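Colleague: Given chain R's structure and the hints, the job is docking chain P onto it.
Protein chains: 2
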Amino acid sequence: MAKVVDVKKSVMEADEVLAEKVRSFCRDRRIVLVNLIGSPGSGKTTLLEATKKYSDIKFAVIEGDVETARDAERINALGVPVVQVNTHGGCHLEANLVNGAIGEMDLEGISLLFVENVGNLVCPVEFDLGEDYKVAVNSVPEGADKPMKYPHLFHKAGAVLLTKTDLLPYLSFDIDVFEKDLEKLNPDVPFLKINSMNGDGIKEWVELLEGWVREKSSR
Amino acid sequence: MAKVVDVKKSVMEADEVLAEKVRSFCRDRRIVLVNLIGSPGSGKTTLLEATKKYSDIKFAVIEGDVETARDAERINALGVPVVQVNTHGGCHLEANLVNGAIGEMDLEGISLLFVENVGNLVCPVEFDLGEDYKVAVNSVPEGADKPMKYPHLFHKAGAVLLTKTDLLPYLSFDIDVFEKDLEKLNPDVPFLKINSMNGDGIKEWVELLEGWVREKSSR
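Protein chains in written order, with our numbering: chain R, 15 to 233; chain P, 15 to 233.
Just chain R, with the same shape it has in the complex (with noise of 0.2 Å):
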């Protein structure tokens, strides 16, 4: 079983002070923080089990969700740490929970860590959790209208991921659309096509973890 930490037992302090302090935590410890962020069902936890399966890089994971340890056990399942939030409720994480979440986990040797957020477009993209990367995942069935209508987490996205790209032959997304909203609100973002059923996209995912661990590594 997954650990689980209860939102209600979690000190509350200021949010500033421990977003800098789960900040510095990763900045001794030279682990790179990634916050997932993307609608309910938009393949985070599958994204994270195709990053596992695909790769060799050494990660843990905080799952954040209102309830259920269904995604940490599917973490879990793969024989990587990791940590379930639940908000009861709550539509984010933040700062506190990261936190907290740290201090039950056993990161010797991680250097990546991922929170995958509350399914939710908007209220993640306003709570800094201390993280080097805020990552959009964004899924073909959902719509190419999506970077317009939620333009601040795309705005402040480190990359974009459009997952589920063995759906394109079936539904009718304008990939063009997306791209040159995108464009406009973040030119120069980082933008790959994953299909984390069969890999597709993965290998260029990981190179981009590995050059921000590299990056992070020798600051």
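Warning: the hint list may mix true and false statements.
Repeated chains share a single entry, so a pair holds when one copy, or any two copies, can fit it.
As the list claims (entries may be wrong) - Listed next, the in silico EDC-like pairs over lysine to aspartate or glutamate satisfying Cα-Cα at most 20 Å (straight line):
1) Lys207 with Asp195
2) Lys35 with Asp146
3) Lys72 with Glu122
4) Lys194 with Glu81
5) Lys198 with Glu81
6) Lys170 with Glu81
7) Lys207 with Glu193
8) Lys72 with Glu218
What the hints contain is simulated information worked out from the structure, not anything from laboratory work.
Note that this is a predicted model, so its numbers are computed, not measured.
Modeller: This is chain P only, laid out in the frame that chain R set:
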């Protein structure tokens, strides 16, 4: 062009007072108010398009989005009365926005008013808009684990729609898990499977809506 209401121009009053005002308005005019809640890209607007295409039911729409009037333009193109509400970062609609939008609409001859909430499975659930029913819109690509991961919505829903059923052959969606979890949360809720592209399930959806309209008009 569809009308756009700016949130910041709306008069802020106590939320519960305004929800009651909306409820009273709809009671007096025998208008059924339906609050559509689903993830970004779950097919809420496409459901409304199909409701118009495959039925004679007369309805109006209040479109809620963080940014853009794209959804209202789609509804406007069908000749359906519509007002777009932009929240500019807000993750849900509140009663003051619905009340303001109603003031902008000609609802003569309308017996059904949809509010399409901001794409989000968490925050919209907590805010009473004065609606008769919350309807949960969940699409097949989001996965079968959504009821238990977002139980508050499914527990409170007056109907649950599973959309994009044309994608079932291409995905490992376990409909038994979905139905069993839903039954635990909300045993008697109407559950409809819908493909808005070819109209599958729309007849049952329209019959449900017509029943709600008949019930309200006979009160």
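Colleague: For each hint, tell me whether it holds in the structure or not.
Modeller: Results for each hint:
no.: 1; hint: Lys207 with Asp195; verdict: within (16 Å within a copy, 32 Å between copies)
no.: 2; hint: Lys35 with Asp146; verdict: within (13 Å within a copy, 46 Å between copies)
no.: 3; hint: Lys72 with Glu122; verdict: within (10 Å within a copy, 62 Å between copies)
no.: 4; hint: Lys194 with Glu81; verdict: between (36 Å within a copy, 17 Å between copies)
no.: 5; hint: Lys198 with Glu81; verdict: between (36 Å within a copy, 15 Å between copies)
no.: 6; hint: Lys170 with Glu81; verdict: between (27 Å within a copy, 16 Å between copies)
no.: 7; hint: Lys207 with Glu193; verdict: within (11 Å within a copy, 32 Å between copies)
no.: 8; hint: Lys72 with Glu218; verdict: within (16 Å within a copy, 50 Å between copies)
Comparing the model with each earlier hint shows no violations; every hint is respected.
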